[in-house]
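Listed here are the chains, written in short residue letters.
There are 2 protein chains.
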Amino acid sequence: MCVLGLGLIGGSLLRAAVRAGRTAWGYNRSEASVRAARDDGFDAGSDLVAVLRRASESSALIVISVPMPAVDATLAAIAEHAPNCPVTDVVSVKGKVAEAVARAGLADRYVGGHPMAGTSASGWSVGTVDLFREAVWVVGTDDGTDPAIWTQVARLALDCGAVVVPAESTEHDSAVARISHLPHLLAETLAITGDAGGPLALGLAAGSFRDGTRVAGSAPALVRAMCEGNRDALLVALDEALVLLGDARLALGETGSTAALVEAGHAARLRYDEQDVWEITGIVPGEDGWLDRMRDAGRRGGRLRRL
Amino acid sequence: MCVLGLGLIGGSLLRAAVRAGRTAWGYNRSEASVRAARDDGFDAGSDLVAVLRRASESSALIVISVPMPAVDATLAAIAEHAPNCPVTDVVSVKGKVAEAVARAGLADRYVGGHPMAGTSASGWSVGTVDLFREAVWVVGTDDGTDPAIWTQVARLALDCGAVVVPAESTEHDSAVARISHLPHLLAETLAITGDAGGPLALGLAAGSFRDGTRVAGSAPALVRAMCEGNRDALLVALDEALVLLGDARLALGETGSTAALVEAGHAARLRYDEQDVWEITGIVPGEDGWLDRMRDAGRRGGRLRRL
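So the sequences go chain by chain: Y and E. Anchor point for the first sequence: position 44 equals 44 in the UniProt record's numbering, and the numbering is continuous, going up by one each time. Anchor point for the second sequence: position 80 equals 80 in the UniProt record's numbering, and the numbering is continuous, going up by one each time.
In isolation and in its complexed conformation, chain Y is listed as follows (with noise of 0.2 Å):
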């Protein structure tokens, strides 16, 4: 297999597919990540189209793990020199891929992906062999999905050792803006009216603060990057908070009365304190129905951890 983009994730991937075995290289367009990649013993080069004509000749995985904006340019690459290998990424976002995908002519041999890792850090140093261990990698079920394709993404998933959930591009989207995205913009709007009180209020902040305001930490263009390439569904869950917040604004304004916001809220962390994580057996890639059945699985929490 090949990874294009040797950054914290697609490094991490690399170093992970090859202690589960597997034949893998890596391609990066800076020569000094791949020096460093290098020197770590790893088998890595600057020449993409070389780097996609040994996959073509292999047949081998492409993983693409660059940044959104450098994902066109990728899939072009991919079209030209390597038109007949499957294709599975692990951007962020999976709408915006998938049409990418569309675009290129690739979307026969392409499974998306999303291993729900990583830290604030980048770059090949900070990559680990463990960084998906026991992490949810969401696998794409859009339809036309190709069955023996997507049991190569999930068991690349497997092999890093992260656990398979299922869901198609656009709910992917949804979840993640809804228990990523959005966190970080009530982040960033807590620390600035925080700040507001200037020094005083700052110097009284305690635990509700700290964690309530520690993702506005993060660089502000990874930030950027991932809650403006995810536009629509954040709007979405935007939207939502900005009616729980304005009426509860009404509410404590007309009666006092916080009760709907904090009884609502309180019950629905309890839900994600208690949620059920079960395994998803029985389903068998390219058997009858068995995209539906994975969607299904997929949005009752469900997980698939062999396959």
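Read the hints as simulated data drawn from the structure, not as lab findings. No experiment lies behind these values; they were computed from the predicted model shown. There's no promise every hint is true.
If several chains are the same, the list does not tell them apart, and a pair holds so long as it fits within one copy or across any two.
[Unchecked claim] Below, simulated SDA-like cross-link-like pairs (lysine to any residue); rule was C-alpha separation at most 25 Å, straight line: (1) Lys-96 <-> Glu-279; (2) Lys-96 <-> Ala-260; (3) Lys-96 <-> Arg-249; (4) Lys-96 <-> Ala-206; (5) Lys-96 <-> Ser-257; (6) Lys-96 <-> Ala-73; (7) Lys-96 <-> Arg-295; (8) Lys-96 <-> Arg-35; (9) Lys-96 <-> Ala-251; (10) Lys-96 <-> Ser-58; (11) Lys-96 <-> Arg-54; (12) Lys-96 <-> Leu-250; (13) Lys-96 <-> Asp-39; (14) Lys-96 <-> Pro-83.
Based on the hints, put chain E in the right spot on chain Y.
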């Protein structure tokens, strides 16, 4: 000194005061709590009149450590049985308590306090002698503050291992609305919006959602009491947050950018991380202009470590 209410805060205060070498006794309405305190070797009773008469005979400092709804009745008892004792409190809102104190005719003998410590647990049994160690303890600086009583209250806080931040009631309430009550409302909102994504969304949730919703796990009654007890100041903070989020929603929808919110939020969080904690020295309670100087120091992030 005499502690009225032996829950988490009052019970911890009684323990810490005794360890600091003070003669201290407590009152609690519940016989069971009184027995528990006595079993742990502390001087406690459930006869409020007897406890207050004893305070009156020794001019003891009285600490009100009951929930906000019980404050008026407690003040009425103090006014009847120990009207000449100095009085402080540890209630989490200050403006409302100051109003109740004025209604009870005890304003001359009162200096408010608020130790920024506690957990979601409650009752004598969860108290600890070290609850206030290195905690911030706000001591009130409203107009007309008696410097001798202020010094008594500040010394109590220091004896318990806390640092003292001087602030007026309204400033305190505005600050905690921003850094303690707004975080709760945002956490509830995030919990509901994430949960609306169903098991798929909750199953993909990682650090940003977990941290951003943590305080939504607090008991709704406690969250409501805090937030609703500080309504006016919380409405100001909530309106600011709504404007920030509303503007961000418009910008994301119209231009696709989250730059304004994300960059301001990141800068604000950095100011929180890098806040300058400095020690207040050289202000003697009672000397000319001491109240103004204390307030100014509190506003600029100063803390008193000795007196």
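Exercise. Of the hints stated earlier, which fail here?
Worked result: 1, 8, 10, 11 and 13
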